[in-house]
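Undergrad: Top to bottom, those sequences are chains A and B.
Mapping the first sequence onto the working numbering, position 26 (from 1) lands on 26, and the numbers just tick up by one.
Going from the second sequence to the working numbering is simple: count from 1 and add 1000.
Treat each hint with caution, since some may be false.
[As the list claims (entries may be wrong)] Residues from chain B that keep clear of chain A, each with C-beta distances beyond 10 angstroms, as calculated:
(1) 1010
(2) 1072
(3) 1096
(4) 1109
(5) 1144
(6) 1159
[Unchecked claim] What follows is a list of derived Cβ distance ranges for each label pair:
(7) B:1148 with A:109: 31 to 39 angstroms
(8) A:152 with B:1011: 47 to 55 angstroms
(9) A:150 with B:1114: 31 to 39 angstroms
(10) B:1108 with A:148: 37 to 45 angstroms
(11) B:1134 with A:159: 46 to 54 angstroms
(12) A:156 with B:1114: 23 to 31 angstroms
(13) A:119 with B:1150: 37 to 45 angstroms
Calculated directly from the structure, the hints in this document are not laboratory data.
Beta carbons: idealized from backbone N, C-alpha and C, even for Gly.
There are 2 protein chains.
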Amino acid sequence: MNISVIKADNGVNVEALLGARAALTEAPEAAHFKWRATCDWIRGTHSRTTVQGFYGLGAEQSRNKTFRYDVDHPELFAAEDNGATPVEYVLVALASCLTAGIASVAQNRNIQLRSVKAAVEAGMDMQGILGIDSEVRNGFDGIKVTFVIDADATHDELAALVAQSQRRSAVFDIITNPTNVAVEVA
Amino acid sequence: MNISVIKADNGVNVEALLGARAALTEAPEAAHFKWRATCDWIRGTHSRTTVQGFYGLGAEQSRNKTFRYDVDHPELFAAEDNGATPVEYVLVALASCLTAGIASVAQNRNIQLRSVKAAVEAGMDMQGILGIDSEVRNGFDGIKVTFVIDADATHDELAALVAQSQRRSAVFDIITNPTNVAVEVA
């Protein structure tokens, strides 16, 4: 008798990722990546950042397309609102990183996802960036992410899924831990 | 005799920003903002995040447009490359935040900018997110930002401009200092 096993399909190629993990375990120097972006000031607080190539697996990697992102401040700040603000882009990064992780972990755990929605909210006291109160930080005073997931899994399984995604998330790490940033003028 | 003073015009309404600073100094509770984003999983590592409203000046603020950002992993990771990766979005945020700050500070210092370009590069050891080595962090091991600025200013003035932008940058703070992130499943 043939027992057919229903396999979840979340569109993540887990076999390829596990293969990459095995390959990079053997050749850890290939795991050193460099991510890049180039930003051009347009006018006022409006800029356009281009994302194309990166370095990884020991070689320059070029995409067959170029991504461009307009960033600006909203009209409330007497700007032209040509794109989301820089801090909103941080929220895009966080939400998408956790969501991609959830899809990948669910695939690996054979959990079929039907829908995943994340609502992100970050508090910020503008007294920081406006230089009103030097005790107030410039960045967020905290971020809350709430996931609503429709999947073939119990609430405990979903909570474990989200926890594992958090544990492996690059952007969650970048936001919750300090990273050194060197800024120079050529 | 009339002495005409040449005023820099970088397209930043500094008067409005100084007015906002004065107003929020009087009413600091209005300075408490909430930035938001909503992320929908599409398939695989592909998601789309929507940015529209935010809360500030004591009220809900709605834009007359909606920004949508596709995020994905590149083909190198067996994904479909429908948008920049989450970590590249962090670089977009950092570059644009520092650039908007440079334009604003230059305006305030009466320095005319002609062009501002930022090249951002961030190292990342993929052994972290792939779970190969638990000693390796998931995020960046460091970020380097290089500005090339064409302006009516000396190199020292430009260096001071960039330093002041860094000092007031929300995203620079978010990346270089820890922020608490609470993640939950509804």
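Undergrad: Return holds or violated for the Cβ distance of residue 1134 (chain B) and residue 159 (chain A) against the range 46 to 54 angstroms.
TA: Violated: the Cβ-Cβ distance is about 22 angstroms, outside 46 to 54 angstroms.
Undergrad: Compute the least Cβ-Cβ separation between residue 1144 (chain B) and chain A, then decide whether it is above 10 angstroms.
TA: 5 angstroms, violated
Undergrad: Should the label of residue 1159 (chain B) as a non-interface residue stand, given a Cβ cut-off of 10 angstroms to chain A?
TA: 5 angstroms, violated
Undergrad: Given the hint of 37 to 45 angstroms, check if residue 1108 (chain B) and residue 148 (chain A) actually sit that far apart at their C-beta atoms.
TA: Holds, since residue 1108 (chain B) and residue 148 (chain A) (Cβ atoms, about 44 angstroms apart) stay within the stated range.
Undergrad: Just tell me: holds or violated, for the beta carbon distance of residue 152 (chain A) and residue 1011 (chain B) against 47 to 55 angstroms?
TA: Once the Cβ atoms are compared, 52 angstroms apart, the range 47 to 55 angstroms for residue 1011 (chain B) and residue 152 (chain A) holds.
Undergrad: Can we trust that residue 1096 (chain B) is non-interface, i.e. its beta-carbon lies farther than 10 angstroms from all of chain A?
TA: 4 angstroms, violated
Undergrad: Classify the label on residue 1109 (chain B) as holds or violated, using whether its beta-carbon is more than 10 angstroms from each beta-carbon of chain A.
TA: 14 angstroms, holds
Undergrad: Indicate whether the distance between the beta carbons of residue 1148 (chain B) and residue 109 (chain A) respects the range 31 to 39 angstroms.
TA: 47 angstroms Cβ-Cβ, so the 31 to 39 angstroms window is violated.
Undergrad: Is 37 to 45 angstroms a correct range for the gap between the Cβ atoms of residue 119 (chain A) and residue 1150 (chain B)?
TA: Between residue 119 (chain A) and residue 1150 (chain B), where Cβ atoms are some 42 angstroms apart, the hint holds.
Undergrad: Going by Cβ atoms, does residue 1072 (chain B) stay more than 10 angstroms from chain A at every point?
TA: At about 8 angstroms from chain A, residue 1072 (chain B) fails to clear the 10 angstroms cut-off, so the statement is violated.
Undergrad: Does residue 1010 (chain B) clear chain A by more than 10 angstroms, comparing its Cβ with all Cβ atoms of that chain?
TA: 7 angstroms, violated
Undergrad: Quick check: does the Cβ-Cβ distance between residue 156 (chain A) and residue 1114 (chain B) fall within 23 to 31 angstroms?
TA: 58 angstroms, violated
Hint compliance for this structure: hints 1, 2, 3, 5, 6, 7, 9, 11, 12 are broken, all remaining hints hold.
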